[in-house]
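Heads up: the sequence lines are chains Z and P, in that order. Okay, so the first sequence: first residue is 269 according to the numbering used here, each after it adds one. Okay, so the second sequence: first residue is 1492 according to the numbering used here, each after it adds one.
None of these hints come from the bench; they were simulated from the model. Incorrect hints may appear among the rest.
[Claimed, not checked] Taking lysine-lysine and the DSSO-like style, the derived pairs with C-alpha atoms no more than 27 Å apart in a straight line are: (1) K458/Z to K1556/P; (2) K1546/P to K1556/P; (3) K369/Z to K1786/P; (4) K1505/P to K432/Z; (5) K405/Z to K486/Z.
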Amino acid sequence: MKIKHQGEWKYQLILILSVCLLFYPLLYMFSTSFKTLNQIFSSGLKLFPTEFTLENYDTVFKSLDILRFLTNSFIIAAIVMVCKIISSVLASYALVFMNIKHRDLLFNLFTVSMFIPFSVIMIPNYLTLSEMGLMNKLLGVALPQLADAMGIYRIRQAMRTIPKSLVEAARIDNVGHFTALRRIVFPLVKPSVVAMSIFFFINSWNEYFWPMLILKRKEMYTITLALQVFLDTESGSAWGSSMALATIATLVPMVLYIFAQRQIIGTFMQSGIKE
Amino acid sequence: MMKQRPALAKKGLKTLEKGAYLFPSVVVFLVFMVWPILYNLYLSVLEWNMVSPNKRFVGLGNYLKIFKDPNFLKAFGNTWLYVLLMMAFCFVLPYLISYILGKLITKGEQLYRAMLFFPSLLSLAVASIIFLWLFNSVSGPVAEIYKLFGHESPKWFTTQGLVIFTLTVITAWRSFGYNLIVFLAAIVEVPVELIEAAKLENASNWKIFWTIILPLTSSTALYVFIVTFVFGLQHVFTPIHMITKGGPNQASTNLVYVIYQYGFSFFQTGRAAAVAIVSLVIFLFVLWLQKRLEKRVHYEN
């Protein structure tokens, strides 16, 4: 329920302004990717091109193996998503519905680890991965991303809203844990699981740090990492192409978000932080 | 005897089953989180270049050295500047906007929050590229605005002092939406009756924020504060690495970037590890502070 406030228009104005400010860079990226170099330099603040061109996309596809980069990104993001979701659902079930010694301690350790910055673990992980022979391998980029407790945190949160008696009743009827998870618990937390899956996929797709550290050979690049190719050219000539590449890199997260916007925001709103 | 054995076996089986559920997560955490922290501690007392088989034990030597290294000291100072600016953009601003969104408007909440959250789903690498051109001091849109008023645009990425601001804006643009949603989740839970009662006493919206919203959402605020602190420093690494490489003159470097530089540009693994441990100590201290404050907040509520 909402209360009517006097002068709501002022607040609407602030919000509209915020949306504009946040969206301007995006629109700028998008429109610049369709401009000729001439227009980029002469159009000033005008967002939309007077003359629509695909030459930037042409340049990008001709000079880089974009499909390869997209495939690499997809493989890494898929590995990260599947592994993280399976391990988080299993661990969350154990933490909520099984009698585990030191359960709270274990959960607290998981959550504290969410706040351990990657800078603390990057050099040891780099050494571990090179020992494992995973330099320049997609798996090498995926593995360190798995140690993230966000999934356990959110999915446990969702599972805690399920009455324990529901699972206990089934257990008394000799239903195994795995069946209880599959038949009773999973269907009830499915929206959260879907939202987290998509969130993990997008985050991994966007990851810059691990790919930069692990993937040195150009044919192993992810689409995000490929963005730095156009940075090396100091002149303004790559302006349009870099915006075209940025647009391509944004497309997948954008489409996924449009489809799953409700679930993603719902999952973050549902639990808040406390209890 | 005869009866005990199956019971024991059953118990063992149960433990095994529990273990199986936790196993994947625990293994990943041990290998890629717990072990690296310990390993880092060990590396920080060595002199080593990451490739040579010779490792030399130097005790606290690396720690003493980094605290005399101007590069590290600069990064240490910059880190607090980054934190301060991040707090303004990613803590204060989303707090106020989510109050407007959650309590002060009657129409459009769903649409606004979906749109404001959107940049949080983009890559920081994409953000860096966009802003590199947006803030291009010759003919980027920001420079055009300056021209409209007959001024020359400052050099956003190569001016000491200014560059930290610019890189923070890039990072904040990406992180704003996420923090907004977390705040909003807490603010919509604040009972409407409390606000109505305050309205009857003619309290201003500003006063309502300070006397009702703030106290009732303080544990969320603490959480966002920590998240902004810890992740802000990590996230800003991407624009630093892509755009400035810590420059000009180390003006934009921070603790995370210095670790990377020591480790992968100068091949001083021991010093990199020592900086990593120093940053870990800072983070753990902040985390501890949060837990203490959180207890007090709950007590007051």
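**Prompt:** Can the restraint linking K405/Z and K486/Z be considered satisfied, given a maximum Cα separation of 27 Å?
**Reply:** Answer holds: K405/Z to K486/Z is near 12 Å, not above 27 Å.
**Item:** Restraint status (C-alpha distance of K1505/P to K432/Z at most 27 Å)
**Value:** At roughly 19 Å apart (the allowed maximum being 27 Å), K432/Z and K1505/P satisfy the hint.
**Message:** Hinted pair, alpha-carbon criterion (27 Å max): K369/Z, K1786/P. Please report holds or violated.
**Reply:** Cα-Cα ~25 Å, so holds.
**Prompt:** Keeping to a limit of 27 Å between CA atoms, is the pair of K1546/P and K1556/P held or broken?
**Reply:** 17 Å, holds
**Message:** Check the hint pairing K458/Z with K1556/P against an upper bound of 27 Å on the C-alpha distance.
**Reply:** 52 Å, violated
The structure fails to meet hint 1 from the earlier list, while all remaining hints are met.
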